[in-house]
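As a plain string of letters, each chain reads:
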Amino acid sequence: MTVKASLAAVLILALIAGCSSKNTAGFGGTVLGTMAKGVIEARRGAQPAPDLGAGPAIQVKIASLGWDTRMVALDRDGDVTIWHDGQGRQIATRNGVLIWTRGLGFDLMSAKVPSPRDIRPGNQYQRVSVYVDGADRRLERRYDCTVEIPAEPDASIRGQQVQEVCIGPSGRIRNDYWLGGGRILRSKQWISAHFGHLEILPQ
Amino acid sequence: MLNSWIAAMTALKSVSRSSSARFRRLGLGAILGAVAGAAWGQDIGTLNLSGSTGLIDMPSAESQPDGMFSVSSAHFGPFSRNTMSFQVAPRLSASFRYVAVRGWNRVLMDSPLATNYYRNFDVNYRILDEGRYLPSVSVGLRDFIGTAGESAEYIVATKNLGPRLKVTAGLGWGRLAGQGAIGQPFGPRRRATGGQGGTIGFGSWFTGDVAPFGGVEYKLSDKITLKAEYSSDVYPVETGARQLFERRSPYNFGVEYALGDTTRLGLYSLYGSSIGISAHFLLNPSRPRVNGTMDPAPVPIGPRPSALGWGEGWEGNGANKAQLLKDLRQQLAADGISVNGLRVTASSVEVHVQSGGLDNRAQVIGRTARALAVHAPGNIESFVIVPQSNGMPLSRISIRRSDLERLEHAPANDLAILAETEIAAISGAQAGPWDRAILDYPRFTWTFAPYGKISLFDPRNPVAIDVGLRLNAKYEFGPGLAVSAQLSKRLGGNLAGVLRPSDSVLPPVRSNGTSYNALGDPSLDHLTLSWYAKPAENLYSRVTVGYLESMFGGVSGEVLWKRVDKPYALGVELNYVRQRDFNQLLGFQNYSVLTGHVSGYLALGNGYHAQLDLGRYLAGDYGATFSLDREFENGWRVGAFATLTNVKFSDFGEGSFDKGIRFEIPLSWATGRSGQQKMTTMFRPVQRDGGARLDVQGRLYEQVRGYHEQSLEKQWTRFWR
Numbered sequence: 001m002t003v004k005a006s007l008a009a010v011l012i013l014a015l016i017a018g019c020s021s022k023n024t025a026g027f028g029g030t031v032l033g034t035m036a037k038g039v040i041e042a043r044r045g046a047q048p049a050p051d052l053g054a055g056p057a058i059q060v061k062i063a064s065l066g067w068d069t070r071m072v073a074l075d076r077d078g079d080v081t082i083w084h085d086g087q088g089r090q091i092a093t094r095n096g097v098l099i100w101t102r103g104l105g106f107d108l109m110s111a112k113v114p115s116p117r118d119i120r121p122g123n124q125y126q127r128v129s130v131y132v133d134g135a136d137r138r139l140e141r142r143y144d145c146t147v148e149i150p151a152e153p154d155a156s157i158r159g160q161q162v163q164e165v166c167i168g169p170s171g172r173i174r175n176d177y178w179l180g181g182g183r184i185l186r187s188k189q190w191i192s193a194h195f196g197h198l199e200i201l202p203q
Numbered sequence: 001m002l003n004s005w006i007a008a009m010t011a012l013k014s015v016s017r018s019s020s021a022r023f024r025r026l027g028l029g030a031i032l033g034a035v036a037g038a039a040w041g042q043d044i045g046t047l048n049l050s051g052s053t054g055l056i057d058m059p060s061a062e063s064q065p066d067g068m069f070s071v072s073s074a075h076f077g078p079f080s081r082n083t084m085s086f087q088v089a090p091r092l093s094a095s096f097r098y099v100a101v102r103g104w105n106r107v108l109m110d111s112p113l114a115t116n117y118y119r120n121f122d123v124n125y126r127i128l129d130e131g132r133y134l135p136s137v138s139v140g141l142r143d144f145i146g147t148a149g150e151s152a153e154y155i156v157a158t159k160n161l162g163p164r165l166k167v168t169a170g171l172g173w174g175r176l177a178g179q180g181a182i183g184q185p186f187g188p189r190r191r192a193t194g195g196q197g198g199t200i201g202f203g204s205w206f207t208g209d210v211a212p213f214g215g216v217e218y219k220l221s222d223k224i225t226l227k228a229e230y231s232s233d234v235y236p237v238e239t240g241a242r243q244l245f246e247r248r249s250p251y252n253f254g255v256e257y258a259l260g261d262t263t264r265l266g267l268y269s270l271y272g273s274s275i276g277i278s279a280h281f282l283l284n285p286s287r288p289r290v291n292g293t294m295d296p297a298p299v300p301i302g303p304r305p306s307a308l309g310w311g312e313g314w315e316g317n318g319a320n321k322a323q324l325l326k327d328l329r330q331q332l333a334a335d336g337i338s339v340n341g342l343r344v345t346a347s348s349v350e351v352h353v354q355s356g357g358l359d360n361r362a363q364v365i366g367r368t369a370r371a372l373a374v375h376a377p378g379n380i381e382s383f384v385i386v387p388q389s390n391g392m393p394l395s396r397i398s399i400r401r402s403d404l405e406r407l408e409h410a411p412a413n414d415l416a417i418l419a420e421t422e423i424a425a426i427s428g429a430q431a432g433p434w435d436r437a438i439l440d441y442p443r444f445t446w447t448f449a450p451y452g453k454i455s456l457f458d459p460r461n462p463v464a465i466d467v468g469l470r471l472n473a474k475y476e477f478g479p480g481l482a483v484s485a486q487l488s489k490r491l492g493g494n495l496a497g498v499l500r501p502s503d504s505v506l507p508p509v510r511s512n513g514t515s516y517n518a519l520g521d522p523s524l525d526h527l528t529l530s531w532y533a534k535p536a537e538n539l540y541s542r543v544t545v546g547y548l549e550s551m552f553g554g555v556s557g558e559v560l561w562k563r564v565d566k567p568y569a570l571g572v573e574l575n576y577v578r579q580r581d582f583n584q585l586l587g588f589q590n591y592s593v594l595t596g597h598v599s600g601y602l603a604l605g606n607g608y609h610a611q612l613d614l615g616r617y618l619a620g621d622y623g624a625t626f627s628l629d630r631e632f633e634n635g636w637r638v639g640a641f642a643t644l645t646n647v648k649f650s651d652f653g654e655g656s657f658d659k660g661i662r663f664e665i666p667l668s669w670a671t672g673r674s675g676q677q678k679m680t681t682m683f684r685p686v687q688r689d690g691g692a693r694l695d696v697q698g699r700l701y702e703q704v705r706g707y708h709e710q711s712l713e714k715q716w717t718r719f720w721r
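These protein sequences, in sequence, are chains A and B. In this text, residue positions in the first sequence follow my numbering: the first is 1, and each later residue adds one. In this text, residue positions in the second sequence follow my numbering: the first is 1, and each later residue adds one.
Because the hints were derived from the structure by calculation, they are not lab data.
Derived Cβ-Cβ restraints for the label pairs, each shown as a range:
{"hint": "1", "chain 1": "A", "residue 1": "ARG142", "chain 2": "B", "residue 2": "SER306", "range": "37 to 47 Å"}
{"hint": "2", "chain 1": "A", "residue 1": "LEU65", "chain 2": "B", "residue 2": "TYR257", "range": "26 to 36 Å"}
{"hint": "3", "chain 1": "B", "residue 1": "SER306", "chain 2": "A", "residue 2": "ARG120", "range": "36 to 46 Å"}
{"hint": "4", "chain 1": "A", "residue 1": "ARG172", "chain 2": "B", "residue 2": "GLY131", "range": "26 to 36 Å"}
{"hint": "5", "chain 1": "B", "residue 1": "LEU134", "chain 2": "A", "residue 2": "PRO202", "range": "52 to 62 Å"}
{"hint": "6", "chain 1": "A", "residue 1": "ASP144", "chain 2": "B", "residue 2": "LEU220", "range": "38 to 48 Å"}
Residues on chain A that point at chain B, a partial pick, calculated with CB under 7 Å:
{"hint": "7", "residue": "ASP75"}
{"hint": "8", "residue": "VAL80"}
{"hint": "9", "residue": "ILE82"}
{"hint": "10", "residue": "GLY88"}
{"hint": "11", "residue": "GLN90"}
{"hint": "12", "residue": "ILE99"}
{"hint": "13", "residue": "GLY105"}
{"hint": "14", "residue": "SER110"}
{"hint": "15", "residue": "ALA111"}
{"hint": "16", "residue": "LYS112"}
{"hint": "17", "residue": "ASP133"}
{"hint": "18", "residue": "GLY134"}
{"hint": "19", "residue": "ARG138"}
Since the model is a prediction, treat every value here as computed from it, not as a measurement. All residues carry an ideal CB built from backbone N, CA and C; glycine is no exception.
Excised from the complex, chain A in its bound form (with noise of 0.2 Å):
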């Protein structure tokens, strides 16, 4: 839903009833002071980051948000590592792919998703992601997903390509990986249908 379209419910809602009093600007007044502030956020995109230490850190860039930020591992729990903007915002990847966001709104629930060993040319699996939809209820999408090498492979990216074609019932995704040592160095892949691709750079 856009801001024209929240700014719209908010008329409605002041038109059909008044403001309550538990918050001391009234429901209408923390509609709008809220959605003012993600206004603000979402365009401002990439803030100065806080200060979040040495450590290992990646790039990470949404092109539908405008954003590009650096994110540190906040945890490692075997393969699986936690990634945090220090403003709220997590992303955990397994061995460099992508398993679920947090803090993005629609975000990633969780996912079953492949390890680098099976991100190979010729290759076929299955994936699974679950998401939570507008009415909050469980939303779950299943891709048959076959690995290729690129038609155009991007040369100026450091390691070897593959492109992951998966198709599912809302459509067709790919996702880019550049591979080298058996890990990912690079990736772009997709999150959700509302934000499309987020790609994740070395540091």
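With chain A's structure known, arrange chain B on it following the hints.
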């Protein structure tokens, strides 16, 4: 004829707890991607001047997306129509409309009203879906409850010819058979009820003349739609004796513009004589600001803190417990969760929590579980989480720590952890007693904020708004025992207009609303002492004493029986109250009454909830109220209710019996951040004295069911959120 003083109060209340959920077994499996809202023109109809799916003045056979809620405003000639519509189910929609007709007594000076107001209810049911060759077909009733001035019935079909063109054709009875009648298939028109109105005129449906109507709709672009129709409504009263409106032609034309996917504006040429405008606002409960929430990410579970230093018998050490309590409180404060109790054994930790911020209850449990996993000493294997409301323990949720650790990053971990979680009953006795050191009572909270109040449908004051300041305070002595007060001071507005004393033949238990408004400033909205308890595993109780609501004070007691694992409940409420003085301070009038109800509650599945109350109402009448609500997991709720009592329709007065619609919209839906605040609105076409119930705060069912199995499991996908 409309009674001269009609007032329906819509009052805004904040509810301090989230309350919504729908019963749906998770085992039914995932919903496919088709849930995503449909864009305009893809088998979804557009709205007409009457705020329901249709062409311009005529209906069509299509529907809005399931759950769509719309507010429409249309104006042409002397007419203004303001409509709220709701797509109750994929095939069934309902509309409530408020029509104003200006210049009513200009020519025919038989009424004191310069503007006449109608309230209409419509329903529409789609009996056939559009197929490759077949059109969609719907049946509808317009203005079927009420004084029946605009009653009409119709059957209509709509076919999409390609992606841009829609053709609609239908047959109408009643008002929709004013011109071009082709016969009387079911006999002459039987008059619907006159009298007080408000009743359903079954006998008149589909009788009398039938006439065709129809039109086309062409989508010029993504944003612009053209419409043309032939209307069979001749507006007999307005074009006849009252001479308000000239109908030169049965053809209407219009162009509509879509502003985003929530707003539509329209401009029309109507009946060859008027220009019309319309604006529609659409809220789709399934399209919030964000799916899920933008709340900050939770704390990762991480490796267990070691058990070193805690030692054997650590649980007996007060200092250790105090440290654990402090750590948990600090961790959960960020989520607005307060820890009201803590109990430890050698291998388990039990916390009693109350959520002040998160409206998704599975997320409350999940965040609490994470906090336990992070802070409990390493030898603790078992976590028990007891969510509370007003000090009442609602359920007992058991999770193993090793399952949390194992499943934190697993695919489909929401279902996986649910399979390992036990939701059981808990009694008040099992919950306490507590160390004084743990309880952080007494607690005092207060808010001071502006408020707004709207009153609609009073013909002398159709849109009346008051604004003022409100002080809310709550002092909690201990779990379940609190004093609560609300004081309001009006700053300005036109709501407290003319004093109109009640003309009801019944005791004026609600019909003196204007007196309360005019004289109750400042007003002590409520001042109560409430006591909540959990006498047994499945039994909840409430006693509230004091000034219970703006018009009544006294004693209110309630007992609710509900099992954690069942979707139904049974309650009994008994109140002895006295009517308060109009100045809404500490005085009372002479009228007192014993009221009470036996209530049955049932979650029907798919988000529908039914409630039946039987008992005695404030005016001393006996009867029953039936309510049906539709809830979405994200907190949206729309419902309707009707009450029939032993009060004769003629004694009740206009409207014949008490009925209304209500809806709740959670703040978190609009902002994308969790919050328990909701906008709650109730519309009553007419507020009279029959079937009136005490408006006491904090009734049991809504606060109790949220952490029971059905409600909690439906939100479970956000456990790990």
